[in-house]
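In case you want the letters, here they are:
Protein chains: 2
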Amino acid sequence: MFERIAVVGATGAVGSIIIRLLQERNVPAKDFKFLASARSAGNTLSFQGRDFTVEELTHDSFNDVDLVIASTPDETAAEFLPSAVKAGARVIDESGYWRMKPDVALVVPEINPEAALSATGIIASPNCSTTQMVLAMKPLHEISPIRRVIVSTYQAVSGAGLQGSTDLRDGTKAQLENQEFEYRAFSHPIAFNAIPQIGSVKEEGYTSEELKMVYETRKILGDDSIQINATCVRIPVDNCHSETITVETERPISPEEAREAFDAFPGITVSDDTANGVYPLPSICSGSDEVFIGRIRKDISHPNGLSFWCVSDNLRKGAATNAVQIAELLASHLFQKSETNAG
Amino acid sequence: MFERIAVVGATGAVGSIIIRLLQERNVPAKDFKFLASARSAGNTLSFQGRDFTVEELTHDSFNDVDLVIASTPDETAAEFLPSAVKAGARVIDESGYWRMKPDVALVVPEINPEAALSATGIIASPNCSTTQMVLAMKPLHEISPIRRVIVSTYQAVSGAGLQGSTDLRDGTKAQLENQEFEYRAFSHPIAFNAIPQIGSVKEEGYTSEELKMVYETRKILGDDSIQINATCVRIPVDNCHSETITVETERPISPEEAREAFDAFPGITVSDDTANGVYPLPSICSGSDEVFIGRIRKDISHPNGLSFWCVSDNLRKGAATNAVQIAELLASHLFQKSETNAG
Chain F
8 MFERIAVVGA
18 TGAVGSIIIR
28 LLQERNVPAK
38 DFKFLASARS
48 AGNTLSFQGR
58 DFTVEELTHD
68 SFNDVDLVIA
78 STPDETAAEF
88 LPSAVKAGAR
98 VIDESGYWRM
108 KPDVALVVPE
118 INPEAALSAT
128 GIIASPNCST
138 TQMVLAMKPL
148 HEISPIRRVI
158 VSTYQAVSGA
168 GLQGSTDLRD
178 GTKAQLENQE
188 FEYRAFSHPI
198 AFNAIPQIGS
208 VKEEGYTSEE
218 LKMVYETRKI
228 LGDDSIQINA
238 TCVRIPVDNC
248 HSETITVETE
258 RPISPEEARE
268 AFDAFPGITV
278 SDDTANGVYP
288 LPSICSGSDE
298 VFIGRIRKDI
308 SHPNGLSFWC
318 VSDNLRKGAA
328 TNAVQIAELL
338 ASHLFQKSET
348 NAG
Chain G
8 MFERIAVVGA
18 TGAVGSIIIR
28 LLQERNVPAK
38 DFKFLASARS
48 AGNTLSFQGR
58 DFTVEELTHD
68 SFNDVDLVIA
78 STPDETAAEF
88 LPSAVKAGAR
98 VIDESGYWRM
108 KPDVALVVPE
118 INPEAALSAT
128 GIIASPNCST
138 TQMVLAMKPL
148 HEISPIRRVI
158 VSTYQAVSGA
168 GLQGSTDLRD
178 GTKAQLENQE
188 FEYRAFSHPI
198 AFNAIPQIGS
208 VKEEGYTSEE
218 LKMVYETRKI
228 LGDDSIQINA
238 TCVRIPVDNC
248 HSETITVETE
258 RPISPEEARE
268 AFDAFPGITV
278 SDDTANGVYP
288 LPSICSGSDE
298 VFIGRIRKDI
308 SHPNGLSFWC
318 VSDNLRKGAA
328 TNAVQIAELL
338 ASHLFQKSET
348 NAG
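Protein chains in written order, with the numbering used here: chain F, 8 to 350; chain G, 8 to 350.
For reference, chain F alone in the conformation it holds in the complex:
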């Protein structure tokens, strides 16, 4: 088992779930430490029946640690994670900073576990909106190469951190009472609204969130020829991102064939009976570790097209779960099978 796992960003929206998952899934480690910014340091965390004091993240935090799971803003990851690598720890990072660096592995364990196992430096976990899409793409891509994807997202406020959730709740209350409200996580009111911008504007009028879906997907699937067009939209949902996905494959994949392939793929749950009102909903999928797919149908606008609806808990499979799964993957290869299965 690991000597000591450090969770960086332990008090954040994703960090809290990483800690819960480490406990629930019994990730094998002799000890743990919990790191956060100076503001949160000193707080007490209950974990596996013990009280831990949250420590301030410094460059010296990693000397007694062999695995780091970090969920922080990009700047923090950029500044501190090289120190963890230098200290000899394996590092799993949730931030956007390292993902596209050539010597960094970008991993969804169901898709490219080998990239995590052969990594010599940081192992990055993809952006939440990418993870669920690329997992849905993988079984199709195995049947016939995906040539093009058009995706529109319906993203939850929890993707903007704890402040995003607070903003939605308090802004909604204020609007119901006709009160003014000043949003902190969003530049426009999110209550009863739809905001077609997530992140900053980059090349060709696309946002950083949209381009993450392009470049991260190509890196994870190891196929730079896939053409991807994303529109990312924030909607007043607390948790779980939804996506409408249309793919064009080299040869047509029928809805039946797709349904079977989705069903057989680890980490995917098909929920698809529209006539009876059965499809994934954020309200149902929140708290689950899977990627849920429904509305699977032929793209009636293209002979090789397929369309579907994809929902996943952006804090779980979109972030915390994926990171913890990478940790489990490392553990299962580093340590005795019998030991890692102890939980």
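No lab work stands behind these hints: they were computed from the structure. Any given hint could be a false lead.
Put simply, identical chains are the same to the list, so a pair is met inside one copy or across any two.
As the list claims (entries may be wrong) - Derived lysine to any residue pairs resembling SDA-like cross-links, with alpha carbons at most 20 Å apart: (1) LYS209 - PRO262; (2) LYS40 - THR65; (3) LYS40 - VAL208; (4) LYS108 - ARG46; (5) LYS37 - ARG11; (6) LYS108 - GLY56.
The hints should help you fit chain G onto chain F, whose structure is shown.
Relative to the frame of chain F, chain G by itself:
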């Protein structure tokens, strides 16, 4: 001017706005009558400073009427509007029932006014999600024929009638207070959720709402070769539908060319400066009669592709405004210009 305009469904979500618009825009008529189901008959309506009693809709309601503007459920339109035609009235219908009948005109005045002017029977107004999309398509289609459209909608609850708005407000309040709530307009909770089904399931797993966007668009543009793939999703927005639209045209249309064409087209307002957070938002567009377009950019997944974000007030341009514009169009051709411009 018209002798007498009858508004059918006068107490509904769209009917109320039709009445407000008839007053605001001073649609020329000597008299008006307001019709509704037996349940609402007897209510008093204030219009142009007079009190009107809402009358019960019957087959004899149309004998003294030369223009009918109807916004009712499909069954009501199916049953009663032929009586209006038989009585010699011109009929503008908001329902879905008549739109695709071969002898019915389906009209967006900025696109195909001639269809309204040559109509001998019912003139239908398109489905709300179609109207804003087809208006956005028209200026592009004029530059270079649109071959394919992929659209995802973010539809407001007001499209489900007054009960939709009540459901969202009361369901949201209940959820904020951890109370149970029974939705009447939706089969799943709409508060803080996204429901990927609007209407019933039809061919190939598409919903009625999605197929309306296919067939109505082709009829209005008079081009059955356009391939359209729609996914219609209800989100917790009170009013204004939003859409992500990706089109493929015969030859590429640059974002600049598209922006100019949108700008020059009647009924369209471009709001497009993403770097400064400027794009159409439901919260801003509600109450306006225009179709708003932003996020105009090259579709980076296709050489002839263009993507944009489109928002419009589904009760106004998506319904009431379009119907009243058809009435104005008829008036301007039936009567003296000087008279119709009196307002």
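Hint-by-hint comparison with the structure:
1. Proximity of LYS209 to PRO262 under the C-alpha cut-off of 20 Å is restricted to the inter-copy arrangement: shortest distance 15 Å between copies versus 35 Å within a copy.
2. For a Cα distance limit of 20 Å, the shortest separation of LYS40 from THR65 inside one copy, 13 Å, qualifies, whereas the shortest one across copies, 76 Å, does not.
3. Within a single copy, LYS40 and VAL208 get their C-alpha atoms no closer than 37 Å, and across copies no closer than 52 Å, so neither meets the 20 Å cut-off.
4. Proximity of LYS108 to ARG46 under the C-alpha cut-off of 20 Å is found in neither arrangement, the shortest distances being 30 Å within a copy and 66 Å between copies.
5. Proximity of LYS37 and ARG11 under a CA criterion of 20 Å is satisfied intra-copy only: 6 Å inside one chain copy versus 85 Å between copies.
6. In this assembly of identical chains, LYS108 and GLY56 lie within 20 Å of each other by CA distance neither inside one copy nor across copies; the values are 39 Å within and 69 Å between.
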